[in-house]
Every structure is written in structure tokens, then in C-alpha cells.
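Spelled out, the chains give:
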Amino acid sequence: MNSTASSARASARTLAVTSGKGGVGKTFVTANLAAALAGLGLKVLVLDADLGLANLDVVLNLYPKLTLHDVFTERCTLDEAILPAPGGFSVLLAGSGMVEYSRLTPEVRDKLLQILEVVKPRYDWVLLDTGAGISDVVLYSISLAADVLVVATPEPTSLTDAYATIKVLATQQERRSIGLLVNQIGRPGEGRVICTQLQNVLQRFIGGMPGPGFQLHLLGEVRTDPSVRQAVLKRQLLLENYPGSDAAQAIKALALKLAS
Amino acid sequence: MNRSTPTAFVDARSLRLDQALQLLQQAGASLPDVEPYSLLWVQAVVDALCDLSSKDALTGLYNRRSFEMTMAREIDRVARSGEPALLLTLDIDHFKSVNDNYGHYAGDQVIQAVAECLNHVVRPMDTVARVGGEEFAVILPNCAVAFGAAVAERVRAKVASERIEVAPGQHLSVTVSLGGAFAPQWVRSSSLLWMERSDRQLYRAKTEGRNRVCLEPLADSVVSAEEKGMLFALTQQDDE
Numbered sequence: 009m010n011s012t013a014s015s016a017r018a019s020a021r022t023l024a025v026t027s028g029k030g031g032v033g034k035t036f037v038t039a040n041l042a043a044a045l046a047g048l049g050l051k052v053l054v055l056d057a058d059l060g061l062a063n064l065d066v067v068l069n070l071y072p073k074l075t076l077h078d079v080f081t082e083r084c085t086l087d088e089a090i091l092p093a094p095g096g097f098s099v100l101l102a103g104s105g106m107v108e109y110s111r112l113t114p115e116v117r118d119k120l121l122q123i124l125e126v127v128k129p130r131y132d133w134v135l136l137d138t139g140a141g142i143s144d145v146v147l148y149s150i151s152l153a154a155d156v157l158v159v160a161t162p163e164p165t166s167l168t169d170a171y172a173t174i175k176v177l178a179t180q181q182e183r184r185s186i187g188l189l190v191n192q193i194g195r196p197g198e199g200r201v202i203c204t205q206l207q208n209v210l211q212r213f214i215g216g217m218p219g220p221g222f223q224l225h226l227l228g229e230v231r232t233d234p235s236v237r238q239a240v241l242k243r244q245l246l247l248e249n250y251p252g253s254d255a256a257q258a259i260k261a262l263a264l265k266l267a268s
Numbered sequence: 096m097n098r099s100t101p102t103a104f105v106d107a108r109s110l111r112l113d114q115a116l117q118l119l120q121q122a123g124a125s126l127p128d129v130e131p132y133s134l135l136w137v138q139a140v141v142d143a144l145c146d147l148s149s150k151d152a153l154t155g156l157y158n159r160r161s162f163e164m165t166m167a168r169e170i171d172r173v174a175r176s177g178e179p180a181l182l183l184t185l186d187i188d189h190f191k192s193v194n195d196n197y198g199h200y201a202g203d204q205v206i207q208a209v210a211e212c213l214n215h216v217v218r219p220m221d222t223v224a225r226v227g228g229e230e231f232a233v234i235l236p237n238c239a240v241a242f243g244a245a246v247a248e249r250v251r252a253k254v255a256s257e258r259i260e261v262a263p264g265q266h267l268s269v270t271v272s273l274g275g276a277f278a279p280q281w282v283r284s285s286s287l288l289w290m291e292r293s294d295r296q297l298y299r300a301k302t303e304g305r306n307r308v309c310l311e312p313l314a315d316s317v318v319s320a321e322e323k324g325m326l327f328a329l330t331q332q333d334d335e
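Protein chains in written order, with my numbering: chain F, 9 to 268; chain Y, 96 to 335.
So that you can see chain F by itself, here it is in the shape it has in the complex:
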């Protein structure tokens, strides 16, 4: 994760945001990260790739008439379904009615791939908000992105599932570098401890893989912050409503790190 952000780039940088376990703040992080990148003057699209159980619309409080579903069924064009979101970025929401696409058929694969090819030249960043878990739809949507950000909390179940996801991505997708964001930490430095721990276990259990060694990069840690809960309940962006909060600062730092 070290290429530079520039509006002159020919094709967007693609980042899949995922988590092993659901409910760790993946979609919340994606939406606020998009706003933070937009705040840096970058053109950002968030693609709701959580086809089975999308809830980016809930986080953003957007209920559009046209969604990815309509693009898939050719009831509207891609441009009609891309909407401006609060926070200064664009979104392509999956919306409801996508349950039929929660299975990975060649048709779903081709459609997602086509959409990505069309939007990539138009943006600086395309963030893919993927589903939780490691179903083949999730793994496929992650495979469409050049970089991956795994969101985890210090909770043992979240760590275990994040570990499983990273292990599968490193082995199946031959990824050599994955980013980690530790959400809801209790004290500063907890993210670093968790990242080192994950890296050690990964080294031990997938260390024998060919090619250069695997690296898990800590890209940020977000402290448990009451303003996050406030923003989530109000279905508003943290960055817009509590820009000075600890959590908002942490997400801005993450954006800077990614874009630098």
C-alpha cells in the first residue's frame, strides 16, 4: 500500500474492506474512510459488494430507487445507479432484492467484473464493502481488489475470524500484504499488539508458502468512542458529525496512510 494518490491516475486504486466476523464496524469504517479520502480531494466510489446482506444503505441513510440489482437486471444504466453520498463520495448500493445474487454464479462474477472495469478509470479510489465471512461471493469480491483492509476488534471471536480470513486470502489468493484496522480498542497500542500477534501466528502456520514472506500491516486503530455510537444510531457519518472525535481522527489518519 504505497502508491501515491493522484487525480491523474489512469485507474482507481481498489481496496476491499472485509472482516471475518460481522458486526465489527466494517461498513461503518468503509463509509467514513470514503468520506476521509474524499476530504483529501480524491474521487471515491463505494461499491456495496455485500450482495447477500447489504447494509451500506442503512449506515448512510440512503434509500435509492435504483440499485446494483437494477444494473444487474439491466433495468437502469450504471450511471443512473451511482449516487452522491453524504461525505462527498459516490456509492453504488446493492439494496434489497440482491438475495438471488448471494450465490456466486458465472453471471454474477462477470457482472461485478464488468462494473468494476467501467468505474475504475473514473475514480481515484474504489472501495468494495464486502460481506463478512469467507463465502465464495465474499472471496470473489475481495479478489477484484488490489488491496485488502481487514477490520477486526480485540474480541477473541473477531480475532479468530479475522485470522481465518487472512489465512485464506494469503493462501488461496496468494496475497503477500494485507492491511489491518483494529476497531474498538480499549487503550492506545492495543492494535499494534494484536497485529504482531496475528502476524506471528500467520508466520508460523503459513510461513512455508513459496514466494516472498507474508506481511500484515497495521493501518490504524480506532478507540472505543461514544460518538461512534451516536453517529451510528443517527445513521450519519462520524466524520461529518463528530469530526473532532478520537475515532474520526483515527479514520482520517487511516485515509492519509492509504493515500500517501
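Be careful, since some hints might not be right.
[As the list claims (entries may be wrong)] So the derived label-pair ranges between C-beta atoms look like this:
#, chain 1, residue 1, chain 2, residue 2, range
1, F, T113, Y, K253, 19 to 25 angstroms
2, F, N249, Y, A241, 50 to 56 angstroms
3, Y, A244, F, Q211, 46 to 52 angstroms
4, F, G221, Y, R160, 29 to 35 angstroms
[Said to hold, decoys possible] Over the 12 angstroms line for every Cβ pair with chain Y, so calculated as not near, a few chain F residues:
#, residue
5, G47
6, G96
7, K128
8, R237
9, K260
Hints in this document: simulated from the structure, not taken from any laboratory. Predicted, not measured: the structure shown is a model, and the values here were computed from it. Note that beta-carbon positions come from the ideal geometry of N, C-alpha and C, so glycine has one too.
Based on these hints, arrange chain Y on the given structure of chain F.
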């Protein structure tokens, strides 16, 4: 570039094809019975040369160059379709001692016999290649993950059961070690990395005693008790 300039076509009769024709004759390639230097004839010469440069002279199997092209195509296909494809790399065990004890002619007979064995034991859609001296490789498209080990074992058993005649009345048996790895699904990987993964398993088969099959363990999402123990060791310590 000035596109309006008329394209100059080559007059086939001005081509110097002596060496090419000599090579084809030596390799036993036959050309169609059409007028020399006609379009059909030139095309046949080019096709025959392509065929010659993609095959191994001793065994008639694909050579390393064309095998790498096939691998790249297969990786592309797997990336798109998600269908599993298995790569096997294999090596004749103790081949040097065959050469040392029976001579190079016997060594060649052994290589040819193993090549023939491989061709017989795989499906028509599979690609078999000789990628080095006594090294072979096979790509098996659309090979279900659950059957990978059985297929590789069939290859191993077939070679081991063969009696190879290296001189009149003189028979030899050889064994092979096999390594294998599946192409990653939905990922545009490289043929180099795929070969490396399979070779690593071949190396394991050699060090574990030869005449055996080692496939790369499948990536699984199961987190073992040992992994969990290590994962939480530090965080738990931290809390105490």
C-alpha cells in the same frame, strides 16, 4: 506512420527456407502435396515449424516453452471460471544411476517409456510436457479437488508397474516422485508461482523417500486449537 502507403507483400519464392525444410525433413514432418511456395504450402511449413519448436524431440511431448504457454492460458481460465485445475510435476527417481549403470541410450529409453506412460494415464484434455532432463509436468484442467490425490497416485502406480526394455531381453523398472498444486481460483496468478508451489511438493516427495505423491495441503479456513492457543496467548497474558 503513414497508413495510406500500400502494404508490400512478401514474394514467398524469395524466402530462404533451405534450413527450415532440412529441419522438417529430418524431423519426419510431411508437407501437403500442393504447389511449393503457394500460400497453403508456406502455411504448412510455418505450422510444421511451430509444431517442431513446441515439442520435445526425444518424447514428442510438449516442451517447457509451450508448456508455460499452456499454463498461462489455464491460469487465465481458472481465474475466470473458478474451476479447479491441478498441476503435477514429477521426476524419475535415481535417474542418474540408470545412466551410470546402463548407459545414456537406456536412459533415453526410460524417459520415452515414462512419457508414454504419462500420455496413456491422463485424459485427452490434459497436457503432458517434458520440462527438463528427467522432469515432467502435467496440467489437469477441471480436476475436482477431491480427486487430485487419486489422479496423481494413478500416475505413480502406472509408472512403477511398467517393465521398460532398455536392451533386448533387458528390462528395468523405475519410480517417480510427484508434487502437485491446484491453481488459485479467481486469481490471476503467475505460471512461475504455480510451478514453484508444485515443485515444492515434489521436493517434499523426494525428501520423504521418493516413489510417492505430495500435494499442497488445501487452504482451509479452519482455525485449529493450536492456532487459537497461540493467537490468544499474548492477549490473555496481557490481561493478567
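Hints versus structure:
{"no.": "1", "hint": "F:T113 x Y:K253: 19 to 25 angstroms", "result": "violated (38 angstroms)"}
{"no.": "2", "hint": "F:N249 x Y:A241: 50 to 56 angstroms", "result": "holds (52 angstroms)"}
{"no.": "3", "hint": "Y:A244 x F:Q211: 46 to 52 angstroms", "result": "violated (28 angstroms)"}
{"no.": "4", "hint": "F:G221 x Y:R160: 29 to 35 angstroms", "result": "holds (31 angstroms)"}
{"no.": "5", "hint": "G47", "result": "holds (33 angstroms)"}
{"no.": "6", "hint": "G96", "result": "holds (32 angstroms)"}
{"no.": "7", "hint": "K128", "result": "holds (15 angstroms)"}
{"no.": "8", "hint": "R237", "result": "holds (24 angstroms)"}
{"no.": "9", "hint": "K260", "result": "holds (27 angstroms)"}
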